[in-house]
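Go ahead and model the full structure; you've got the sequences and the hints to work with.
2 protein chains.
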Amino acid sequence: MSSGVVVTPGNVSVYHGGNLKVIDRRMRVAEVVLRCAICVLGVLAAVLVGIDKQDKVIFSIDKKAKFTDMKALVFLVIANAIAASYSFIQGLRCTVSMLRGSLLFNKTLAWAIFSCDQIMAYVMLAAVAAAAQSSVFGEFGQSELQWMKICNMYEKFCTQVGEGIASSLVVSLIMVTISGMSAFNLFRLYGSNKGKNSGR
Amino acid sequence: MSSGVVVTPGNVSVYHGGNLKVIDRRMRVAEVVLRCAICVLGVLAAVLVGIDKQDKVIFSIDKKAKFTDMKALVFLVIANAIAASYSFIQGLRCTVSMLRGSLLFNKTLAWAIFSCDQIMAYVMLAAVAAAAQSSVFGEFGQSELQWMKICNMYEKFCTQVGEGIASSLVVSLIMVTISGMSAFNLFRLYGSNKGKNSGR
Numbered sequence: 001m002s003s004g005v006v007v008t009p010g011n012v013s014v015y016h017g018g019n020l021k022v023i024d025r026r027m028r029v030a031e032v033v034l035r036c037a038i039c040v041l042g043v044l045a046a047v048l049v050g051i052d053k054q055d056k057v058i059f060s061i062d063k064k065a066k067f068t069d070m071k072a073l074v075f076l077v078i079a080n081a082i083a084a085s086y087s088f089i090q091g092l093r094c095t096v097s098m099l100r101g102s103l104l105f106n107k108t109l110a111w112a113i114f115s116c117d118q119i120m121a122y123v124m125l126a127a128v129a130a131a132a133q134s135s136v137f138g139e140f141g142q143s144e145l146q147w148m149k150i151c152n153m154y155e156k157f158c159t160q161v162g163e164g165i166a167s168s169l170v171v172s173l174i175m176v177t178i179s180g181m182s183a184f185n186l187f188r189l190y191g192s193n194k195g196k197n198s199g200r
Numbered sequence: 001m002s003s004g005v006v007v008t009p010g011n012v013s014v015y016h017g018g019n020l021k022v023i024d025r026r027m028r029v030a031e032v033v034l035r036c037a038i039c040v041l042g043v044l045a046a047v048l049v050g051i052d053k054q055d056k057v058i059f060s061i062d063k064k065a066k067f068t069d070m071k072a073l074v075f076l077v078i079a080n081a082i083a084a085s086y087s088f089i090q091g092l093r094c095t096v097s098m099l100r101g102s103l104l105f106n107k108t109l110a111w112a113i114f115s116c117d118q119i120m121a122y123v124m125l126a127a128v129a130a131a132a133q134s135s136v137f138g139e140f141g142q143s144e145l146q147w148m149k150i151c152n153m154y155e156k157f158c159t160q161v162g163e164g165i166a167s168s169l170v171v172s173l174i175m176v177t178i179s180g181m182s183a184f185n186l187f188r189l190y191g192s193n194k195g196k197n198s199g200r
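So the sequence lines, in the order shown, correspond to chains S and C.
Per the UniProt record's numbering, the first sequence starts with residue 1, numbered consecutively.
Per the UniProt record's numbering, the second sequence starts with residue 1, numbered consecutively.
No false leads were slipped in.
Note: identical chains are not told apart, hence a pair may lie in one copy or across any two.
Restricting the straight-line Cα-Cα distance to at most 30 Å, the calculated cross-link-like pairs of lysine-lysine (DSS-like) are:
no. : residue 1 : residue 2
1   : K66       : K149
2   : K66       : K56
3   : K156      : K64
4   : K63       : K53
5   : K53       : K66
Worth flagging that the hints you see were computed from the coordinates, not collected in a lab.
Next comes the structure, spelled out in structure tokens:
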């Protein structure tokens, strides 16, 4: 019995195997840290882009650049806000289950967490890609289409958007890592009859 | 012994459990079909966008729209070509192992397939998001930044790019499904000592 599984009411199982227990505890701690990081960086990115604006007087005309001028930046702010809120809730769940010292082996819950993590990772990555594409147009323009660059006029605005996108990129990479961890937590339940039964 | 695992030389294991065998065979068939679909749709998307161009005479000036005018479309063509080639190779591997009637339980190979599938899914999704963002600018323009829309001039060009992006979107959704399947194939090896040992 090197890795026995005790099934308790409410579909909660606790590993008693030495190695697996240590690995699981480390993974749980890593998950809490990563979800907290998403929370902080997601809020930072949303604030950096969301409050970003710059006024400029060009030929006596007052012009203003703000993040709502590009729909991709609005999408980025919303995606970061959702990712931060979602990670806050998931971080709380992880902390509570870690403090209780239990490992959830409920397949339905594992499927729900896996699905949400996957969706969040793909949404964040799509938001970063779209915002990065918009920023490339802003930074370099597209001379073939007569789309002029704007970052030579709104330097401070573009720098702050760049910082927001960099922060969002880190959020999406962490989200990708977490979605891999939740895939591990879900699919290892299908590894043997033990796992299968513990989920029922 | 409802799902015994026989370990054969070369880290190849064969399930003899009734249900698991049927599920595994169905998953293998589904994987081959999905990888073939990526192959066909990826080539279709790359060709649709890659050969797309349109000439237009505007105020006696001959103007030409081609996919290289937008870097995001070049990225989309390359991503589709890589996805199609990769899926062709993986489809061949799946077909061969299906014909041999064996299920690979080599952890190193499972990790390699999982990693490549994940990278392909994220790259395809990023490519589609960036291309879609560029197309939105082309279709609607961005009046706040004086970026005028171009699709009223190059209708045929834009329609064909749209078809290419739609095809790429399907490719990326299939790639997401396949990356889920390869996560299942990998992480179930960690479900019990059986799975662990069979991979060593």
